[in-house]
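Residue numbers (my numbering), protein chains in the order written: chain H, 189 to 758; chain G, 83 to 389; chain D, 3 to 307.
If you are wondering where the hints come from, they were derived from the structure by calculation, not from laboratory data. Incorrect hints may appear among the rest.
Unchecked claim - The calculated BS3-like cross-link candidates involving lysine-lysine, where the alpha carbons are at most 27 Å apart (straight line), are:
(1) K390(H) <-> K323(H)
(2) K207(D) <-> K323(H)
(3) K696(H) <-> K667(H)
(4) K271(H) <-> K207(D)
(5) K207(D) <-> K305(D)
(6) K667(H) <-> K597(H)
(7) K207(D) <-> K390(H)
(8) K193(H) <-> K271(H)
To be verified - Some chain G residues well away from chain D (every beta-carbon gap over 10 Å; in silico):
(9) C113
(10) G134
(11) S210
(12) A248
(13) T273
(14) R288
(15) L304
Stated by the list, open to error - Have a look at the derived ranges for each label pair, beta carbon to beta carbon:
(16) P125(D) <-> V299(G): 35 to 45 Å
(17) W283(G) <-> Q707(H): 47 to 57 Å
(18) W131(G) <-> N56(D): 42 to 52 Å
(19) V194(G) <-> R215(D): 45 to 55 Å
(20) V194(G) <-> T90(D): 35 to 45 Å
(21) I252(H) <-> P257(D): 33 to 43 Å
(22) V116(D) <-> I197(G): 40 to 50 Å
(23) I16(D) <-> I197(G): 18 to 28 Å
(24) S5(D) <-> E474(H): 31 to 41 Å
(25) R205(G) <-> T380(H): 34 to 44 Å
(26) A274(H) <-> V114(G): 33 to 43 Å
Remember, predicted model here, so these are calculated numbers, not experimental data. Here a beta-carbon is modelled for each residue, glycine too, at the ideal position from N, C-alpha and C.
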Amino acid sequence: MADAKEHLVEVRNLSVDFHTKGGTVAAVRDVSWHIDRGETLAILGESGSGKSVSSSALMGLIDIPPGEITSGEVLYCGEDLLKVSAERQREINGSRIAMVFQDTLAALNPVYQIGWQVAETFRSHGVDRADADPKALELLERVGLNNARARFNDYPHQFSGGQRQRIMIAMAIALNPDLLIADEPTTALDVTVQARILRLLKDLQRERGMGLLMITHDLGIVAGMADRVAIMNGGRIVETGTVKEVFETPKHPYTRSLLASVPGAAGFVDATVRPEHDETLLRVEELSKEYLSPASLFRAEKPAVLALDKVSFTLGRGETLGIVGESGSGKSTLVRTLIGLEQATHGDAFYRSDSLIHATREARDVARRQIQMVFQDPTASLNPRMSVQEIISEPWAIHPDAVPGSQWKARVGDLLEQVGLLREHAARYPHQFSGGQRQRIAIARALALKPEIIICDEAVSSLDVSVQAQVIALLKSLKEEFVLSYLFIAHDLPVVRSFVDRVLVMHKGTIVEQGPTRQIFTDPQHPYTRELLHSDPVLSLGNAPPRRRRLPSSDDPTPPPRPFAGAAKP
Amino acid sequence: MTMTAPPIVSSAEPSSLRVSLGLLWRDKFACVAVLFLLAVAFAAIFGPWLLGASATKINLMARNAPPLSMHLGWHYILGADALGRSILLRVIVGAQNTMMLAGCAVVISLLVGSILGFIAGFRNDWTSSLVLRLADILMSFPSLLLAMIVLYVLSPGLTNVILVLAITRIPIYLRTTRAEVLEIRERTFVTAARVMGASPWRIVWRHIRPTVTPTLVTIATLEFAFVMLSESSLSFLGLGIQAPEFTWGAMVAQGQSYLGTAWWVAFWPGLAITLTAMSLNLLANWVRIASDPVQRWRLESRKRTNG
Amino acid sequence: MSSYVTNRMLHSAISMVGLIILVFFLSRLTGNPSDLYLPIDTPADVRAAFSKANGFDDPLLIQFQHFVVNLFRFDFGTSLRQERPVLTLVLDAFPTSLMLAAAAMTLAMVVAIVAGALAARSPNGVLDRFVNILSLAGASLPNFWLALVSVLVFAVWLRWLPTSGPGGPSHWVLPVVVLAVRPCGLIAQVVRGAMITALSSAYVKTARAKGVRTRSIVFVHALRNAMLPIITVAGDQATGMINGAVVIEMIFGFPGIGRLMMESIQYRDFAVIQGGVIVTAAAIFALNIVIDLAYALLDPRIKHA
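Hey, can you work out the whole structure from these sequences and the hints?
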């Protein structure tokens, strides 16, 4: 019987176990996929789905104790890599199959120059030192590293995240591998940088005819980059097919639920102004924050850094205001200044009629009770040594006049139920909960003093996509029940699409654009807002493929992007 | 991670004492160490009271008797010194002074060092810089040498020895506490408490102190061993507490001149020092693992492997 | 980088100066320092004359001034016991201690790095357990006891080595080995830990994905990163070695600074004690500079901050 066509790389029925002191965990079960030259396969899964395991097996990067490959084959051009010698694996790694990783600062050796590290790929595969360096330089220029010649001998910590990822890509494509594996290469990067890196990968693939394996949790990246997709959950592949097939007609329930929970899958928030919005709770006027670096014995005074530059906006009662900006936009400084962790240098902010910046301590404390906060990292924001009961009741311990001690237990129970947990969870400790549950506990804590305003500082950014949707749904229902106002800080646009009433876009310390959500998304005015919108893989679905983006002109109104035709409607 | 039902949450944890004892049992070396230390503690507390008289009894018939000379009495199992005193009894009785000197020094340096460290870490102004600089000066010089000189100037004696040992070790606690305070201050749950309006005192007591304590306990245990060794060195050199009081270090010094003829006089006290220090180090290692949530889970999940 | 070096030098210099000031005031702590210099049973009039002759009656600040001026002239006073300048005595004794410490440190480092690196390659293996035992022993053994026991076993019973030195190479074996045990144990533990951390790091994973040879991974990628914490601990141990040297020199009769200080304490020769402290502080200062420089060379994040 004739063999089926031989694929470049094929994984057949791979199962891998990990033996931990707590028992044996099945990392992947019976996983099969294949990829050929010139095509892009995406392996899509949330954290813990096992999406990186099969590619690690391909490159021999799984540590054999505690890992154990219990069955399956991993074929490269017909050769089973699970059975080859260590030397053969070493020959293949870097030259025929290569990989780029997520955390570039950790993945590059901090004590060696980047030029040396790129050239090392050549040197490890038989190229002379003298020849390796010029080739490395060529590569760095090809991947778009600015000023590559001058920076050849610099160290990894002297580059930005995007630049480091370019360096890693250069290292990987040095010997024109047949397959390039990209394991979450852009997760840690800003949206605009992400778009450029993804474009670079696509260009390189086309140029060299490589196979490209994208491992990611981001549906937008899959839709924008991949030809075929394999969806993983709990160590198994639950669905596979071309991207069009899987996204338009998902068969597996997990796929369907993933597609439904993509942020912004629902429509815009109904923008009709409600009567309560007329009452202004928060008014920020020309708030500015300057950082001066002091002169010292060895250094002349450096120019001041303007982290916040005359920021002004208002927040009404019952309103949800989204503040979107990338790193360095000033949104974190804004939050820290409003809650008093930083001192503003100019301007003022008012809660109702009380100044948050210039008032007496007592007045400020009273105002601050009404403004509570939920932080980005739910694990870090809860003291691991305090029980849930102690965590949620801490605001009452700090402000003893809020709730009498005898009622604490009952009130904590009420709050837990309101955020979707159980009363008996009060006796547990944070490490016994999942990330999404910890964030619910943090929300319960924020509600304890019955505030009017809750600042959500990237409150869903660290959560898996499906959990994000749940937490946002919770925030919405709490808002209805308690008439809360939210300041919702985010680093990209999609997540605010179906949740906030108005959007503020920040860039380099100023507000570049603000307005109702629908307007910002459908008719952005400022070039930076447009760049943000177009960079986002999710939002550019439904448009022309990512490489051919156009700016909207007046006779060509861009239709509101609908992420996936066929996705479940809310 | 599935999307629909929240994962099962494990049941409530048993009392922490139960858990600690269970963890201890799983690490056999640490178990043995704890038992040994309990024996030493017993000897230190009750030794002089129970055996004080017998330990000082001079018996010229048993002069320099080698070990296993049980015909002279069961207590000569480890041998006797030049005055016929039982080495075994003297080691047991000597435990009190040895432990007390080290113990007091450790407690003093722990309290003073950690309090200064809290202040230096929290205030982070010029006073803390000054304190830190003083600590640096103290740390830059070999502690034994410093102790020697100070004891020379102030003349040896119980209090002075304790003070000198304590002061030379304060910088360790100061630096560690300060570093931990600086790091924990920046953690999100501390920021959350500040946002809620917590006073600095509450933050230190409720959030920082419980997080720092395990580290300090581990260090204190290790320091106990180090201080004990230092005190032994001082006593060996004749700079520790003076006769007729003695510690194990002094006993080794007494045995030095008889090394060729009656080696047991110097051997057993030194062995006692070694075993006690080893037990303390093993215990400290166990404490470090048990109080680190990640490592602790590994310890907890051991079924029937040996420690 | 130059600001880093200058910064560190200033730092170490302040420590050294602080120590010297400390010693000065320490000696004035108990009243008239004559008591420190003279035997206990000196009659009162001799004591008064001595005090006057050495300027101990002057106001404290004047005394300090003289002290500092003398320091800069390298005049550390005269030994009462041996009637020679203190500086000469101390400098005579210094080389012996230096050789002892250097030999012990070298031995400790070599054994520790080899044992630790090998242990890191197979965690929980035989070598790993050996390293654990070694470091436990190093941290727990009183060096004076170890010295006595080893003299007993190797010199008295087995007669392989002499009981005390100095002399030819065989006289140095026991002192150096005994002195090296503690630092070796502690450094081996750090080497093991640092190498394990380095070998399980993300950049080693990248190197494996690039197809780098194993030898290169261990010795080029991992070891270089592991050297940073190793040097920190080695520096601490080198300073602490003086503690051990005092005892070792006493037991083995080596004429080093440690023995000089002990004898001076026994004979109440305070000028020598003071001189010894100052020279030791200066040596530690020099050592710290070397370590800081090594750090700057090894870690480019310092050079190119």
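Hint check results:
1. Under the criterion of a C-alpha separation no larger than 27 Å, the hint pairing K390(H) with K323(H) is consistent with the structure, at around 21 Å.
2. The straight-line distance between the Cα atoms of K207(D) and K323(H) is roughly 23 Å, inside the 27 Å bound, and the hint therefore holds.
3. The hinted pair formed by K696(H) and K667(H) fails the criterion: a straight-line CA distance of about 31 Å is larger than 27 Å.
4. The straight-line distance between the Cα atoms of K271(H) and K207(D) is roughly 20 Å, inside the 27 Å bound, and the hint therefore holds.
5. Under the criterion of a C-alpha separation no larger than 27 Å, the hint pairing K207(D) with K305(D) is consistent with the structure, at around 26 Å.
6. For the hint linking K667(H) to K597(H), the alpha-carbon distance of about 24 Å falls within 27 Å, and the restraint holds.
7. Pair hint K207(D) plus K390(H) holds up; C-alpha atoms about 25 Å apart against a cutoff of 27 Å.
8. A C-alpha spacing of about 22 Å is found between K193(H) and K271(H), which places the hinted pair at or below 27 Å, so the restraint holds.
9. Chain D leaves C113(G) outside its interface by the beta-carbon criterion, the shortest separation being 16 Å against a cut-off of 10 Å.
10. The claim that G134(G) lies off the interface holds: its Cβ sits roughly 25 Å from the closest Cβ of chain D, which is beyond the 10 Å cut-off.
11. For S210(G), the non-interface assignment is confirmed: its Cβ lies about 16 Å from the closest Cβ of chain D, beyond the 10 Å cut-off.
12. The claim that A248(G) is not at the interface with chain D holds, since no C-beta of that chain comes within 10 Å of its own (minimum 16 Å).
13. With 10 Å as the threshold on Cβ separation, the claim that T273(G) sits away from chain D holds: the shortest Cβ distance comes to roughly 27 Å.
14. The claim that R288(G) lies off the interface holds: its Cβ sits roughly 32 Å from the closest Cβ of chain D, which is beyond the 10 Å cut-off.
15. Some Cβ of chain D comes within 10 Å of the Cβ of L304(G); the nearest lies about 8 Å off, and the non-interface call is violated.
16. P125(D) and V299(G) have their C-beta atoms about 26 Å apart, which leaves the hinted 35 to 45 Å range violated.
17. For the hinted restraint 47 to 57 Å between W283(G) and Q707(H), the CB-CB distance of approximately 49 Å keeps it satisfied.
18. For the pair W131(G) and N56(D), the beta carbons lie near 50 Å from each other, so the given range of 42 to 52 Å is met.
19. As the Cβ distance of V194(G) to R215(D) is approximately 53 Å, the hint placing it in 45 to 55 Å holds.
20. With their beta carbons about 41 Å apart, V194(G) and T90(D) fall inside the hinted range of 35 to 45 Å.
21. For I252(H) paired with P257(D), a C-beta distance near 57 Å fails the hint of 33 to 43 Å.
22. For V116(D) and I197(G), the Cβ-Cβ distance of about 43 Å falls inside the hinted range of 40 to 50 Å, so the restraint holds.
23. In this structure the hint that I16(D) and I197(G) lie 18 to 28 Å apart at CB holds, the actual value being about 24 Å.
24. Here the CB-CB span from S5(D) to E474(H) is close to 38 Å, well matched to the stated 31 to 41 Å.
25. Look at R205(G) against T380(H): about 41 Å separates their beta carbons, and that is inside 34 to 44 Å.
26. A C-beta distance of roughly 41 Å is found between A274(H) and V114(G), which places it inside the suggested range of 33 to 43 Å.
Violation of the numbered hints given earlier is confined to hints 3, 15, 16, 21; the remaining hints are satisfied by the structure.
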